[in-house]
Amino acid sequence: MNGRGSTLAYMILVGTLLALHFLFRPALVSWPMGPDLLTGAVLLGGLRLRAGAAAGLGFGAGLLDGAMALTGIGRGALVYAVLGYVTSRWRELFFSDVPLFVFAYLFFGCWVAKLVLSLLADFSLGWEFALLEAPTASAVTAVLCGGADRLLARGAPG
Amino acid sequence: MVRYPSDEGSGHGRADLLSFLGLLAVSAVLLALPPSQQTAVSDLVRRTVLRPFVAAHRWTDRQADLRARLQQLERENRQLQEQLLQREGVVQENRELRDLLSLGLPRGSEFLSADLVIGTPRLSRAGRFLVDVGRSDGVEPPVGVVVARGVVGIVRTAEAGRAYGDLWTHPDFRVSVRTESGDATGVVRPVSVEAGGAAMLFEGAPYQRKIPEGTLLVTTGAGGVFPPGVAVGRVRSVSSVESGWARSYRVEPAVRPGTVHSVLVWRAPEEARGVRGDLAGGRRESAPSDTDSAATPSPDTTVVPRLESVDPTEGAAAPAPSDSPAVVDDTARGGT
Chain A
1 MNGRGSTLAY MILVGTLLAL HFLFRPALVS WPMGPDLLTG AVLLGGLRLR AGAAAGLGFG
61 AGLLDGAMAL TGIGRGALVY AVLGYVTSRW RELFFSDVPL FVFAYLFFGC WVAKLVLSLL
121 ADFSLGWEFA LLEAPTASAV TAVLCGGADR LLARGAPG
Chain B
1 MVRYPSDEGS GHGRADLLSF LGLLAVSAVL LALPPSQQTA VSDLVRRTVL RPFVAAHRWT
61 DRQADLRARL QQLERENRQL QEQLLQREGV VQENRELRDL LSLGLPRGSE FLSADLVIGT
121 PRLSRAGRFL VDVGRSDGVE PPVGVVVARG VVGIVRTAEA GRAYGDLWTH PDFRVSVRTE
181 SGDATGVVRP VSVEAGGAAM LFEGAPYQRK IPEGTLLVTT GAGGVFPPGV AVGRVRSVSS
241 VESGWARSYR VEPAVRPGTV HSVLVWRAPE EARGVRGDLA GGRRESAPSD TDSAATPSPD
301 TTVVPRLESV DPTEGAAAPA PSDSPAVVDD TARGGT
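Each protein sequence line maps, in turn, to chains A and B. The numbering used here numbers the first residue of the first sequence as 1 and each following residue consecutively. The numbering used here numbers the first residue of the second sequence as 1 and each following residue consecutively.
Calculated from the structure, these hints are not laboratory results. Using N, Cα and C, we set each Cβ at its ideal position, and we do this for glycine too. Certain hints may be false.
[Unchecked claim] Restraint ranges, calculated between C-beta atoms of paired labels, are given here:
| # | chain 1 | residue 1 | chain 2 | residue 2 | range |
| --- | --- | --- | --- | --- | --- |
| 1 | A | V116 | B | E76 | 42 to 52 Å |
| 2 | B | R62 | A | V116 | 33 to 43 Å |
| 3 | A | G147 | B | L70 | 33 to 43 Å |
| 4 | A | R154 | B | L73 | 45 to 55 Å |
| 5 | A | R150 | B | A25 | 31 to 41 Å |
| 6 | A | L120 | B | A56 | 21 to 31 Å |
| 7 | A | E128 | B | L84 | 49 to 59 Å |
Chain B extracted, bound-state conformation (with noise of 0.2 Å):
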């Protein structure tokens, strides 16, 4: 039990009751003071008595802002280390997308410009490859798809939003080609090389004419699926000779698909279309549809071997069977 003390009798009465007057007369005098002589007042408690509290306060806020602080910079932190992950696709992107942006072009041309998918598990075949644009985005296969640094392949078949196609390492695969100089023409096809890997076969062009190591070949645009100019490849070496009359040339790919990711789709100009299809129309039943890739080999056009085994170390292609010289259709040569 705690016992209070008591005043009783203490004599302490007045002089309390002194003290607590004098206290409310101080209090009133300090209420009654203007607001800058009480901050006055103020400051000089806080500066005296109330020093140590005021600066563990300050200190404390600091702390708390030092914290703050710290959790913002980790945040920003990880949201940099992000980004530099980030930063190296997005580099290469770039790159692809100015280089696709200063590409020149045929007057008239006109391309889509879409994300190029390779592979995927419902694409069975392997060559084929799916974007992101469709009919809807104005794609009429078939039509080629390119980047800067040439070709990449075709667009087969095209749905709402999206279409698929084959890269040109696809056994369908041809283009029509020609020189940079324009003194030779031909058509260019995969071939498979014994290392796994594939790559191009320059056929048809002329025996009389040697065709130099280096040689840029473009497309000629014949048949309106390809824009004419587009890099296809570079030639490398004299693959065979058909005696008397051509010669097949070993050809470096301007484009490695497996490198490239974003790419334009050609949406060719109204003539190119309207000669795709007085071309398609007139040879329905002899060729196939576009001159520039023969998808599918019509029944009276001679069939070229889909893919020929290449011994990569020898540097040229297994030459074709002379009953099934590598030549496509007519137009495709006519094109050219």
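Chain A on its own, in the form it takes in the complex (with noise of 0.2 Å):
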């Protein structure tokens, strides 16, 4: 698989994750320790694509999850597309080749998105929610998306 096959792969990964999350948005968000797949497929491909690109992923499904939700669009909106560029623009501060900085990328990624969009949201962070609900179903994102990058990254080249 070369670099444009294994980009056009994260890809629909990263689209399979964001058709997942809006499909399944109901139980997931109901499920406070469920897995945040639109955090975990911006975060992955924040990791792909150009910084630019990777904002306007985060950007609009950010938008689109601010329209399924029904609370307002703008906020989703900027807390991803500031995401998805940041990670893109600094991958290189924080890459590293050890095969579970993925894991470990995604976990503390959606931890810190989670975080914001709940200051944001209600201008206060509730204990419960910052040391458990938040590093639980970041933890859960990062089992899944990360596993699901390490199954597509044994089939890319060298």
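Take each chain as given, in its own frame, and dock them per the hints.
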């Protein structure tokens, strides 16, 4: 699999994660510790796309999520655009050859994104959410999305 | 090992930054929109890009609603089936209770509604019953038990919350009766039939007055055990003629005990209780305490054969021995 094919496969993975997120959104959001496939997709896209494209991916995903949630469409678009741009722009800073890097990247990235979104939504942060629900959901997200990333990476050359 | 692409030296940094800044500006505009316009944008997105997902959610919600509705309908169906099964008994009980409420009662009479159980294991003798009212409810035996259709039996003993008694099929049962017109009186007692059932025998009817078939026999109320006017049965045929002075008749009972579940236990008015007490006291050594229904024949009372064999095919009871007339006591006759 060449670089372009690999990127295409990752984009299919990201699209699949986004589709699953919007398809099962009512069930996923009703479970506080459920996986956040939207954030996972944006984080994975940030690893493969250029910064502008990653920001566009995050913006689009946040916009759609806001529209689906009927809670306002600007906040999610802003946060996920920033998340996509930052992860894509600064991936060289925290990139590592350690295979478990992507899991840790997804875990901490998802955790931070959840905390920021919660802060922007309520201007407050509950300890239970910050230290229990958000990290647990982030861990689940990291396992699912990181596992998919690793499966895809096995088929990639070199 | 995954090698992530690098933007270093690609020359797209400025374009990416401009794109990012543009997206931030759009996000800021969206955030600044009033809620109504945000809702309009959301609706537009939901109607276009998200339409398949929204449709899937609606379909899922509808399926969940249908499942919940199905479960509710299944529960209601089970409840309705149970109610349908219970309906038969409820209708029968309701009919009995309505009949009981419309029963014409003597002035001052009072009845206690009760459930009757026939032949429970603790009651070793056939023809006995238990009712779920007792002395605490005001039951003072001996006292009659009736339904609207007629006489059921008599309470013999009572405890605090329940009482025991004999159905009219019990060999010891006696009741003072008269014809509906009042031109003939006598005593009704049970007789067995060969088929194992029970019928009634009307004894002591005047010899010179023949009672036609179908005549209704009712209680006289003598002795204060039964209220007057309660149906006992209908005359069916002549059973025997005791030459010169009395006739006996077979009687079709008004009530078959096996069909009765809800009964009324009579609480006699004070006057009737007084009569019963006076009579009982005056005849303590020679007669049962209750004259309507003689529970225990006394030594100086002529003993009636307790159960006579009747051939149902002949429609007549076997004649009683001439030396043992079917007379219980004088007060029973005197009261009629």
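Now for the hints, and whether the structure bears them out:
no.: 1; hint: A/V116 - B/E76: 42 to 52 Å; verdict: holds, 50 Å
no.: 2; hint: B/R62 - A/V116: 33 to 43 Å; verdict: holds, 36 Å
no.: 3; hint: A/G147 - B/L70: 33 to 43 Å; verdict: holds, 37 Å
no.: 4; hint: A/R154 - B/L73: 45 to 55 Å; verdict: holds, 51 Å
no.: 5; hint: A/R150 - B/A25: 31 to 41 Å; verdict: holds, 37 Å
no.: 6; hint: A/L120 - B/A56: 21 to 31 Å; verdict: holds, 29 Å
no.: 7; hint: A/E128 - B/L84: 49 to 59 Å; verdict: holds, 52 Å
Every hint from the earlier list agrees with this structure, and none is contradicted.
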